[in-house]
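Based on the provided sequences and hints, a complete structural model is requested.
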Amino acid sequence: MVDTHTVDARALVSPEPEPEPEPEPGSNAAAPVIELRGAGKTYRSGSIEFEALKGIDLAIHEGEYVAIMGPSGSGKSTIMNILGCLDTLTRGEYRLGGTDVNDLDEVELAEIRNRQIGFVFQGFNLLSSLPAWRNVELPLIYGGVPRHERRQRAEQALERVGLGNRFENKPGELSGGQQQRVAVARALVGEPTMILADEPTGNLDSVSTTDVLALFDELHVRGRTIVLITHELEVARRAARIVWVHDGEVVRDEVQDRDEPNDEVAA
Amino acid sequence: MSWLESLRTSWSAVYSHALRSTLTVLGILIGIAAVILTVGLGLGTQKDVSEQISSLGSNLLIVAPGSSTDTAGTRGGFGSSSTLTIADAEALESSVNAPDISGVAAEKTTSLSLEANDTNWTTSVTGTTEAWLDVRARTVSLGEFISADDEAASAAVVVLGSETADELFGTQRVVGQSVVISDKTFQVIGVLDSAGSDSSSNLDDVAIVPSSTAASVLVGGTDRTSVSTIYLQAASDGQLSAAYQEAETLLLNLHSITDSTAADFTISSQDALVSTATAVYATLTILLTGVAALSLLVGGIGVMNIMLVSVSERTREIGLRKALGAPPGAIRRQFLIEAAILGLSGGLLGAALGVTAAVLLPGVIGSSIVVSPAAVGLSIGVAIVIGISFGVYPATRAARLAPIDALRSE
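Protein chains in written order, with the numbering used here: chain A, 1 to 267; chain B, 268 to 677.
These are computed hints drawn from the structure, not numbers from a lab.
Model, not experiment: these values are computed from the prediction.
Heads up, a few of these hints could be off.
Partial chain B-side listing against chain A, Cβ under 10 Å, derived [as the list claims (entries may be wrong)]:
| # | residue |
| --- | --- |
| 1 | 269 |
| 2 | 271 |
| 3 | 272 |
| 4 | 275 |
| 5 | 282 |
| 6 | 283 |
| 7 | 284 |
| 8 | 583 |
| 9 | 584 |
| 10 | 586 |
| 11 | 587 |
| 12 | 589 |
| 13 | 591 |
| 14 | 669 |
| 15 | 670 |
| 16 | 674 |
The beta-carbon is built from N, C-alpha and C at its ideal position, and this holds for glycine as well.
As structure tokens, this is what we get:
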């Protein structure tokens, strides 16, 4: 279990006590959709404390394609859980689409996840007993969308990821790449504020990896905000911006020169 | 998420684990069917017994020799000694001494062989009087019953039970035929209507002769004046206990016994027989129903077990649903509805099986089963309640799972 006991003193001695977020690469004048300020997370198991995040500042604007990059144990999974509202900070602040997420209860967090976040997981996490379109409609069910509209939107989302002819196929009848496309369609269907992808290519062969990454490129070109968590540099290179995380801290934040893949997709 | 959506989701979960769901439902099903059947069997037996006892006649008191109040065990067993005599029966007929008794029929019964043409048939030959027909609530289908004249004349006439007549004469005309009993030829003057059988004897396999004839011809020796049973008919339902008192007082006097606990006869009423039998079967029914209810409880635990397995097996699914925006309430509801579906299907199928068996079984086991709609409705209700209450714990566990832990599990 996560112990959410606050250790405020740590925030004060944080190595990067920058109150003002630096101007974001490629940012417009609008407020960032995702904003972490002094975000810290300490896990406690018995008497052992582990500081997974040591006070992170991060701002992501609408339409950005950001890769969060780091080796395992660097804290990137914790960032993913925090950004995805699956876990809460022990200190600092997280604002998503202008809402301070930290004070919300379980039901409100569920609603935020439903409305604002489209998850893509490493293991796809599709329900094997349901056909593709039923998997895609799941977020809409919890969002209270009427039945007839759900099917329509689920089919549109599947068409958008290139699976227009696979509505009725169950996950077992689809290739890994296709399954991840279904997962992407599920992430898209609720029109969330951001797509949050956790090692989306971790379980895929190289062909499927290219396939899924091309899909992300395409979504980026169409203006989606995408946060991709990975430990593979080749994957991270596809993003417009890479945030390097190490030992619970942001060690580098760089804008990529990625004209080539962008042109390919846009063409 | 609406209830309808929860219902759809739950149904597809139940449906996609068809075998497991079926086995779980089976536990409830058997419990419900067992409850319906045992309650039905209990009620049916009670009904059978009270009908059998009622068929003895209405407002009936039965005087039998021997004592049931004896605790010392010094006297002979029930019915073994013939302490009742024809004189007792005649005294009870007196409207002065026993004004509340409207009919008296003394029976003297011996098992004898009847012979007609070339056929032999052993049956219970009963010597009695005219009043027997009324007191025992019987009717004659052919010919007539023995009369006061036959009694006075010790006439060699016999009235046969319907089965006895069948055995001896088959399809031939019966009335007017001759039957040889103990080397004496009797003329058949009537045949009784069928009355089925009571708990101890076949009421249709009898031969009735005038009691005077029975005393002088069929039974010799000292046993001549004794009778095996005296049937008394009270003038009405309300006079039954008065009739009981009169009969007891009179017989104690006649037998010169002062202490009623030392009586050498036993008077029992039809009501007493019915209520005793009913009480016995009611107790038995409660006992059996308890056993059946236990099996229902076991079925409920089965539901809980399967739901717990289902929750831990679907931890990832729960995590995913939560990540996609399912609030804890929706998850709890999904699992509760699943448990309720299992309980309800078990209840409905169990009720169907129980009712079907209740319709088919009586033909096989020969006792009737009364299906009470209340028992059926109640057991279906109980099945749902069992499903839900045994589902609460697993559902709550599912709802409490943290999404990240749930997603991470393999």
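The hints, checked one at a time:
1. 269: holds, 8 Å
2. 271: holds, 9 Å
3. 272: With Cβ-Cβ at 5 Å, under 10 Å, it holds.
4. 275: Holds: closest Cβ of chain A sits about 9 Å from residue 275 of chain B, inside 10 Å.
5. 282: holds, 9 Å
6. 283: Since the shortest Cβ distance to chain A is 4 Å, the answer is holds.
7. 284: Interface hint status for residue 284 of chain B: holds (9 Å vs cutoff 10 Å).
8. 583: At 7 Å from the nearest chain A Cβ, residue 583 of chain B passes the 10 Å test, so the hint holds.
9. 584: Hint holds; residue 584 of chain B Cβ to chain A Cβ min 6 Å, cut 10 Å.
10. 586: holds, 8 Å
11. 587: holds, 5 Å
12. 589: It holds, given that the least Cβ distance between residue 589 of chain B and chain A is near 7 Å, below 10 Å.
13. 591: Holds - the Cβ of residue 591 of chain B comes within 10 Å of chain A, reaching about 5 Å at its closest.
14. 669: Where the cut-off is 10 Å and the nearest Cβ of chain A is about 7 Å from residue 669 of chain B, the hint holds.
15. 670: holds, 5 Å
16. 674: holds, 7 Å
In summary, the structure agrees with every hint in the numbered list given earlier.
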